[in-house]
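Trainee: If you read the sequences in order, they're chains A and B. Residue numbers for the first sequence follow the working numbering, beginning at 1 and rising by one. Residue numbers for the second sequence follow the working numbering, beginning at 1 and rising by one.
The hints are simulated quantities; they were obtained by calculation from the structure and are not laboratory data. Don't take each hint at face value.
Unchecked claim - Computed cross-link-like contacts, SDA-like style, restricted to lysine to any residue with a CA-CA straight-line distance of at most 25 Å: (1) A:K165 to B:E191; (2) A:K52 to B:R195; (3) A:K254 to B:R198; (4) A:K5 to B:E191.
Predicted, not measured: the structure shown is a model, and the values here were computed from it.
What follows is the residue order along each chain.
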Amino acid sequence: MTAPKTLYDKIWDAHVAHEAEDGTCLLYIDRHLVHEVTSPQAFEGLRMAGRKVRAPEKTIAVPDHNVPTTLDREKGIDNEESRIQVEALDRNAKEFGIHYYPVSDVRQGIVHIVGPEQGWTLPGMTVVCGDSHTATHGAFGALAHGIGTSEVEHVLATQTLIQKKSKNMKVEITGKLKPGVTAKDITLAVIGATGTAGGTGHVIEYCGEAIRDLSMEGRMTVCNMAIEGGARAGLIAPDETTFEYVKGRPHAPKGAQWEAALAWWKTLYTDEGAHFDKVVTLRAEDIEPVVTWGTSPEDVLPITGVVPSPEDFTGGKVEAVRRALDYMGLTPGQKLTDIEIDTVFIGSCTNGRIEDLRAAAEILKGKKIKVKRAMVVPGSGLVRAQAEEEGIAQIFQDAGFEWRLAGCSMCLAMNPDQLSEGERCAATSNRNFEGRQGYKGRTHLVSPAMAAAAALTGRLTDVREMM
Amino acid sequence: MEKFETFTGIAAPMPLVNIDTDMIIPKVFLKTIKRSGLGVHAFDEMRYDRDGNEIPDFVLNQPAYRKAQILIAGDNFGCGSSREHAPWALADFGIKVVVSTSFADIFFNNCFKNGMLPIVLPQEQVDILMKDAERGENARMTVDLEAQEITTSEGEVIKFEVDAFKKHCLLNGLDDIGLTLEKAAAIDSFEAKARAERPWV
Ligand code: SF4
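Sequences and hints are given; from them, build the entire structure.
Mentor: In structure tokens form, the structure reads like this:
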């Protein structure tokens, strides 16, 4: 009998193409997702060495980081460098014969939303992309990591990645979530509990009743931020919810292949008694709607809390908190619900899916926003189309939101969507670093429902008061 | 990749701790589609004022250090993003070796992939090199990777550790892709087996 294995062990073992004596492995890659920012130099490298893409049929490209999300975007990209990057991807996709969703295609969107939506991401796969939020795909029980540009070139040329195995970590969320608490609150609460280095060197498997109860959209939100917790990847074992989501997608298996795939997918779970190097358990009942107050995703508190003081911390964090409060313009002891908001951003690969938009629209229905600026940037053209069909787009527009085209947008502000100096934003994205959403911009990370609530009151707000 | 050969060069002191990848190359320069040409923007915000004029105090702007090939840096050099623009910028500037007590993981690996040698040494030895580097243009150090030695301008020899495989690759100018392609047969047979077992992939 073989020793009990974790889900990570099983996927890893199924993909080792070569193992050296020191444990360094060549891990075979089933799906390689590509976007315009981290790929040009990789294609340039292939061209210079006269190499081809080894498996173009397993390589999918889509521009997302730089693309404008305003309705007039077919007129082209103003910023010259952004335009050059997108044009380079157009050219490289064509030259190397890989699957491509150009800006003009309704299926275009954020790479981590397009992959699952089109059925490219399947349980048990290895998935990589030159972007740290590749962890998102772990929601399907796929082993998914972000890689650097040299590795992008390596995967293009060899369809493998040089890897050493990470450790196993289990994050269990027991019980049921309370009303108003969402997947975003789970993932932020976990980072709040473990810190941004809590998962370093590990692959996290999320499990427990509260995780099982989540939709695929919610599971993607949870895995998306595994990287903010320092982990190499996040995973959730596939189940009926997963199979239901995957079935019928354009690139999902069909007929007899579906049956064969399903039979294997059903073996993808952690065996009884398998070893985890680290275990963290949270009770779902203890999780409240949360917000970040600082400049690190671990700076998390329940919305009912107050801004902490540097003295509440120890070690190097004292100075970091002092700097963060100064940057954020906050005073210790201030109620979080007294913090006034200028801008609301709903979107990103964390919370730009249909369910996220529904949750926000639910709160906004028939009401008007009080903030200066609010925008919704759907994660893909198809999410946008569906929201229009469901009447959600209209709710957003009636409330005073801008209804944008798909892309990364204000999540990292590489396109014109940026905060100005001192501007304060409630955002559904994943990073609140200094300058992330624009020079000296201030970011509070929240769930879509909480973002909608803040838009209506003009300050951080407990969404439960509006339900 | 070029072979890493023994050289004697100028070392610049950068005692600041936690020099992150945004300091090495700010986000606005990530929009390039080339690996080359980032050297003029290395350390941009420390090196130039908002009008683009050089800040004379910054070490690499000082006449003695403009041609530095070695950086002696404070703790935790290269923390932050996984993007490779930071090592590209340093390499393009002409840096071949960075010495510190510690490096961020991804940056450390990215250096090797771009022909640079990051060296980890204990504090006391970094201090010795820092002092030597502060002496300016005359402070030429010699880095011998084969022997795993740095020699200060005064002839003091400091030994360093390096992963044997990474050393082999640097010395022979082997890039990862070339090495992996030597294992093409293993990849081929894995692919054939995977196609039979999981034809839907
Ligand atoms: S939405 Fe944000 S986090 Fe996601 S891929 Fe785009 S920039 Fe990265």
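Trainee: Work down the list of hints and note, for each, if the structure agrees.
Mentor: Hints and how they fare:
Straight-line distance between C-alpha atoms of K165 (chain A) and E191 (chain B) comes to about 20 Å, which keeps the hinted pair within the 25 Å bound. At most 25 Å may separate the alpha-carbon atoms for a hinted pair to count; K52 (chain A) and R195 (chain B) meet this at roughly 21 Å. Only pairs whose Cα atoms come within 25 Å are accepted, and K254 (chain A) paired with R198 (chain B) is accepted, the gap being roughly 13 Å. Restraint check: the Cα-Cα separation between K5 (chain A) and E191 (chain B) comes to about 23 Å, which is no more than 25 Å; the hinted pair holds.
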